[in-house]
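Starting from the known structure of chain A, fit chain B onto it as the hints suggest.
Top line first, the protein sequences correspond to chains A and B. The opening position of the first sequence corresponds to residue 714 in this note's numbering, with each subsequent residue numbered one higher. The opening position of the second sequence corresponds to residue 10 in this note's numbering, with each subsequent residue numbered one higher.
Hints in this document: simulated from the structure, not taken from any laboratory. From a predicted model like this one, the values you see are computed outputs, not experimental measurements. Every residue, glycine too, gets a C-beta built ideally from N, C-alpha and C. Keep in mind that a hint or two might mislead.
To be verified - DSBU-like cross-link-like pairs, simulated, lysine-lysine; straight-line CA separation at most 30 angstroms:
| id | chain 1 | residue 1 | chain 2 | residue 2 |
| --- | --- | --- | --- | --- |
| 1 | A | Lys1053 | A | Lys1087 |
| 2 | B | Lys227 | A | Lys805 |
| 3 | B | Lys280 | A | Lys1053 |
| 4 | A | Lys801 | B | Lys227 |
Said to hold, decoys possible - A partial selection of chain B residues facing chain A, derived with a Cβ cut-off under 8 angstroms:
| id | residue |
| --- | --- |
| 5 | Thr92 |
| 6 | Pro152 |
| 7 | Gly159 |
| 8 | Met160 |
| 9 | Asp163 |
| 10 | Lys229 |
| 11 | Lys232 |
| 12 | Tyr285 |
| 13 | Pro318 |
| 14 | Leu320 |
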Amino acid sequence: MKDQPTNSERRDFLKTASGAVGAAVATGFPAIISGQTVTNAIKVGLVGCGGRGSGAASQALAADDYTELTAVADVDQSQVDNCLRSLKRISKTAGRVKVETATQFLGLDAFQKVIDSKVDVVLLATPPGFRPLHLGACIANNKHVFCEKPVSTDAVGVRAVMAVADVAKQKNLSLVAGFCWRYNNMIQDTFQQMESGAIGRLVAYYATYYTSPVKPIPPASTRPAGMSDVEWQIRNWYNFVWLCGDSLVEQAIHSVDKIAWAMHDEPPVSCVGVGGRTIPAEGGNIYDHFEVNYIYPNGVRAFMGNRQSVGCYNENSDYLLGTDGTCTIGRGPTPRIEGKTNWAFTGQQYNMYQREHDLLFASIRKGQPMNDGKRMATSTLLALMGRMAAYTGQQVTWDQAMNSQEKLFPDHLDWNGTLEVKPRAQPGITKLV
Amino acid sequence: MLVAGLLLAAGLLLAAAGAQESGAQEAEERANVRRIYDRIAQADRSQARTRKPAAAYKVTIPNTTVSYDMASIPAGEFTMGSTAKKDEQPPHKVRLDAFWMQAREVTWDEYRLFMFASMSDKPDGGTARKDETVDAVSHPTRPYVEMSFGMGIDGFPAISMTQHAANKYAEWLSAKTGEFYRLPTEAEWEYACRAGAGPPPAGSPQLGDYAWYAANSKGKYQKVATRKPNAWGLYDMLGNVMEWTLDQYAPYLPGNQPGNQPGAAVNPWVKATTPYPNAVRGGSWNDGPEMLRCSARVASDASWKQQDPQLPKSIWYLTDAQWLGFRLVRPAKIPSPPEMYRYWNSGLEHEEQ
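Just chain B, same shape as in the assembly:
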């Protein structure tokens, strides 16, 4: 038993929890989000005088040597969607506030700090640096199998996490750094991918200069930021691994997206009401050029964790999605604590098949 399986302890605990208990759990989580918010607000006040808005910068995750770069994405308006495929229609105007975006896909170097961060069962009894606010963020259960599937760790993109796991990573990193992070909305992702000018057209000879995809990936993901960046300094928006967004995958229709209203939709976000499907973007090492387009959309599916032999299935791992990762954004405007809670709990991940 317990094969290529993943666990589940967390899933069981959640399942075991009665309604009352889960209510208490939510209250606890909200209180912790409030603490994270306070930390972010305080850091923001102390940095307000020194930081230039709209500048790229580097972050070293506190108490580690692991760092990542933030690219500055200006506020602006763009036409989201295309006429290429049905689910990309109709093209519609969207206006977005400014934000920063991680220049690279989140690597195992970063993600493993979170994935293996639960030190309470650290076998040698060694003490991790205690930070109750950070530690209160729920962490992935330890996987039974090696989650890079032999494709590489150092400098390679983290893969096979659920949207819930990516959300919790964002919450964890926010607590850790004092900067607010979340997954990008679908609109933010596409806007950043287009980078004002848009990428090289699909199928053109330059695609391989910018992207790892089926034609040049040799059947696996590659180190991040080893192709050219786009005009806004973002690497691997197309190819290498697909990337999670915050949105439910839904048609661009009135009601879902105010795209047909006069003027542009402002900061649209299609909030999830079901665990699947959610919107995934950018194509991967496993895709042909038709998926390597800024407007191309993919719908997440429960079968992405079919290899999990357990029931309930893990809320943390998508064992079969070995081409799926993510990167985070940091909005220029800090949201309220209830908004933060909503962003970090958008996934509705649970154990249903």
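With the rest of the complex left out, here is chain A:
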């Protein structure tokens, strides 16, 4: 293995790169922008003001010297306040946080008000159940979109997203997905090695996403008197399948997406899966572990293990096994390939979240739209397919997943409304719909 870069080199790079939040510009892409004399502002609206939405907004502001955040949507004013406060602490871009009280929108229809507020770009960062609805409205109203992953919590939504992505293409709108590893230069280089045959023909892909629980639901006793079902579930969105899609779809999808990438975004034939819950769901209906085995047309297998537990072995890695070697990602700071070819990533790693926005805004400036629509939809469906197999205990084909009629997102959603929590899936009993 090659020597790693020295820490001072690494540090220098990191320092540069962070100066680059703002100056990501200096490190590559922004030449595209800074070379021009564009001064017209790009108005950005944010839908979903949580931690990730706020992060995405900070990256949008840093991506281009003339982006302005002009409108935000959430269901909770305190989220809006925290978001704007955090953004205004970033001195380099604070002056372009131009969200007046009149353009802070609250409620389940707030996304539409952001869209209608004459923004050019919308950042979608709510819980994923809302994504098909929000994305559809954005594209219908000719907005460029940054769309966080996953893009739906059911196949009905995936099909809607696929159709909308085509419309975005016809309308020359940019649609960039938050499948961030696709924008990580270290992982890009690693996959490029494999494209060049560094491990021979891929035989199997084993990915792990064993982590701590994400946003566990508080005890039901803490639910304030009078809080509606809908509000309670949205405030604790990670614990409800219709909102988050379950951990395989919401978190481990980063690894599912890398599997899709390695398979050139071609679908598998079928998959089987196991999953369940080892600790009480406390009124939620998600699992806390999945293990899915996919089989591809050429006989290649992909294995995806995912768990969210406390006190267990944690790992977030990828093992790509080829006829001539193996590629390992996530066992140590940088990927490596061993076998006929021996390689390790030694370059500088850029901030992938920033890069997503650098490219998005550069594409808008240049009038050369990007469109991640198809692959963001197929990666989401790939995870949903694994969930279907685990929930039902059946083998699920790609066609079955693609044609699934299961619709989790309610037709009519009222903030004050009642909403029954569907029972947690039981393999062998729960039917594939």
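Same frame as chain A, but now just chain B:
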């Protein structure tokens, strides 16, 4: 969303807190520091007759099987800095009181007791041993990702924590053990590293005997204390992981450091006034020999958490600093409660980018 991300709940809470609320929070924290102080003072009184000063000893963290060794560092005077690099100049005299220092870098075995110690949301409802004083110390939020990045847990050094997190670990361990711990000052760290004689010169054939660094680390950190210790029984002062100190990273200049005054600076500590940069020492598995020197200094940087996709960013994790850990010292003289509070809240960590 919520990618390789870390959270933040604590960050949000802090951000949400108004000035009044944070004032109340500080008062609460100070009261708890007072309780920790009382515990330490009491333990000190009961041990005063039996413990020999200046002896190495072993500590088992109460109610666990995890232990660590303390090496005894004598009081003394040394020349801090060097002429090798600009930020190490000028060399200047420093005098230090005696202290103990952890012989090894803090391992995941130790740190995870703290990191995953918030049992209030323990899913099976099991009861951790209740200790209100210990529990009142703020704890890291649970990371979304695996924080060893596949480099190993058992016996390996803890990494990627903010200085704030290291400070809170010191406070937690103090409450837990009844002994006062804190990060070393930069001067203490360098003094301990030099260990009277100083380490083998950089680039000499022996460096690999003492240190894990780029030439022998195979691109990752290694188990602690698997190379030779220095003359004072301290392992991995150079290499393996860099180590946090308490000081703001600042030039050795009059005003910052009384080094140019006649005589030696006594127990210097450059208190942080901004979140970055703070001083980090010792070089790591990722460095060449030029950084594996007792006087070499590194300045912490906000970009060390660029992989955190959330805003505000976590006050606990530096996802990109996979070569950064720490060890603690225990001064022979127990500080006052206000001093303790200052040591444990030196980091000024907040969510700004």
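message = I'd like to know which numbered hints this structure contradicts. Please list them from smallest to largest.
response = 1, 2, 3, 4, 5, 9, 11, 12
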